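Trainee: Protein chains in written order, with the working numbering: chain A, -15 to 371; chain B, 193 to 660.
Read the hints as simulated data drawn from the structure, not as lab findings. Some hints here could point you the wrong way.
[Unchecked claim] The list that follows gives simulated cross-link-like pairs (lysine-lysine, DSSO-like), each with its CA atoms no further than 30 Å apart: (1) B:Lys409 x A:Lys53; (2) B:Lys528 x B:Lys517; (3) A:Lys36 x B:Lys338; (4) A:Lys55 x B:Lys572; (5) B:Lys517 x A:Lys36.
All of these numbers come straight from a predicted model, not from anything done at the bench.
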Amino acid sequence: MSIQRNDWSLQRKGIIDQDRHKERVKEAIKKNLGSIVSNEAIILSDGKRTVKVPIRALDEYKFRFDYRKRKQVGQGDGKTRVGDVIAREGQHGQGQGGGSGQAGQDAGGEYYEAEVNIDEIAALIFEDLQLPFLEEKAKKAIQSKTTRFNEIRRTGVMANLDKRRMILENIKRNAREEGKARFGDVRKEDLRFKTWEETMRYESNAVVLALMDVSGSMGEFKKYIARSFFFWMVRFLRTKYDNVEIVFISHHTEAREVTEEQFFTQGESGGTVVSSAYQLALDVINARYRPQEWNIYPFHFSDGDNYYSDNEEAVRLADELIKTCNLFGYGEIGEEGSSSYRRSSGALLSIFNDRLKDKERFVGVRIDDKEDVYPALKQFFGKRNEL
Amino acid sequence: MQDREIKDLEKALEQIWEVARGFGLDPFPTRFEIVPATVMYEIGSYALPGRYSHWTFGKAYHRMKTMYDFGLSKIYEVVINTNPSYGFLLETNSPVQNKMVMAHVLGHVDFFKNSVYFSKTNRRMVESVSTHSGRMTEYEFKYGRKSVERFLDAVLAIEEHIDPNFFIKRERPQAVEERRRRPAPVGRYDDIWQLGEKKEPEEIEEEKPPTDSLPEKDLIHYIMRNSPHLQPWQRDVMAMMHEEMEYFIPQMQTKIMNEGFASYWHARIMRELDLTDSEHMEFADLHSGVVSPHKGQLNPYYLGYKIFEDIERRWDNPTEEEREKFGRKQGEGRAKIFEVRELDNDVSFLRNYLTEELCEELDLFVYELVEDEEWTITEKRWQRVRDQLVANMTNFGFPYIEVADGDYNNNRELYLRHAYEGSELDGRYARKALEHVYTLWGRPVHLETIVDDERVVMHYDGQEHEED
């Protein structure tokens, strides 16, 4: 019989295995990037740095009962009767049968939710992405002067005296000379000054022209796809350029510039005239973003149901956009879940693929599913063989 | 914690020990350690200190630790069933909390020592798991951390599927017996003479698994012995995990009883200590927190506690009928409690001692999901409630799965059968678990079960799942 208190400070097993778990989470994330890229929690994160993402791969699979089909025993407050509803499915937090409290917790939560840092996810996603045709623009980037303090000298202007270092030098000298490390008796040789250097910096700017079809046929799902795509694209461009601007243009039969909020939330109706958006994009470029100074990335999402008579014009303007821009992207979004090959005769993607003159700077993809967003990103920003 | 407080605690422990012995409790000698929260949660998440490393422990640790950090839950006590036993006290506990925990722990330790279900338990398990852990680390070093981890993932998927009565020696199949009897090389270096000879390929590859032990409930043991493709180190890992589960299974079989018993005794013991009024208040508050009904669900502490109190009452003051029919005398309550703790497990405990009056008093009911939407109370008749509770406790809440054939299709495929008793398996989980079984067996695996009253066999061949 005894009571003891030992030093446990070296006990780190839990922490070590916690790291192993984290490693597993990371692995699982890497494997599931496809579904994570379009996860609502991230796309709608609104500036939060960490979000919770369900990761199925981390379940601890065992043979277990289907809790939804199992009769269980519970306890009431003394007044329960047959027919009483004690919980609704979904918010069911009860334990499984008697005694197994732990199993109860697991039964409710169907999967493990990992807390992920959006920046980390972004780093993983961007790992194999690059900006196509960046170089030639960078040469023309604007130069700007910046000043950086990056050296220490023995002489200089009093205003730039580095006091910390001075004290340090003084103590060291005292220790050397008197054998005692103390501060005092400052001499000129103890003084240290910060000096600076002027450097030229290349600033590069990019503008994304986000074009989206908001005609009647573009439903919630299609908008969401476009939204998650733009979310990552903007993030990605920000890692490469100092300054990324985004212009939102929505169109049905007419195009107009809108705010971000309107862009993602407004529903419209009516038909689709794609050329209207391309014309507006060209106008915006001419007015505000000179191609000599800006890297320009127009991306257009539509379901491809363009008015037949407009196709000619759309192709012509698309060609023009391609001439002025770094890369022109076009994403055609299908119906949710219909991964099959569904295409109306007027679908724009096949027309673009057939008829565009300069396809080197054109990327067209088709997206039918949330999981397709990641491959699409890769296609837009993937490494390409220079032709 | 101050040294003075530890002195006080030691004094209290002596007193608690005396009181407990006076009541007839007979625990192993018990050492208490005062530990910080991180260590408490570590021991809690590994269930034993010094166990092998695996990410699932890290996950559990992280979850417990986070709950604690956010003030959502707190473990007061962890007890280790060894001889001597260990009880861990959280360094932030108040003196009254610590006294209650010590009394509670002594209840557990008495249970561990005297329940027949623990009679075969390895009481030096802490040393054993630490040896295991060392061996696993060695394998990690030799075969790679990832390969050991993946293998553990697979074994963990079926770790509960061992035979709780493993210690009842079964007849050894003859072949194994004979192999054992083969004479060992006489001299120390005799096997050198065989160096030039071509070694026979691993004997076990050729050997058909024995059929005389089938059906076999102990999946871990069966696969460990008969899997056509495991490496020696992998069999060793399975053997170690089997040993650890042998240690944990009796705890899973007696959870309600064990907690009820410990709660019953901490209440009795605390009453005998001289506590100040405010300490009494604090204790009453704590105690009611431990043994209180949780709305909707069952609190094992509370259920066990109530049943033990009820047993005491019924054997102390038997009714006229009980006296005549069963020859029950007065004042045998405590003796009966000790008898129950010695002989019963949760299933028999509930079946024998959960009475109509208790079911009513505790307001127990059966509930189920109606039309995929509402969890609805569907039964309140006490026998049905009791039977459902017993059914759910059977096989400690896990589906009963056994090996039906280890040479299915004459092709060394593994055929498992779920002994269906009214509850269906979670299909998605079953398929994933089958993949793990495949990792262990190395050849196609099958699982027979019942879905919507129809017999269904799931197949997995390493590539694809099929069902018919």
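Trainee: Tell me the numbers of any earlier hints that the structure contravenes, in ascending order.
Mentor: 5
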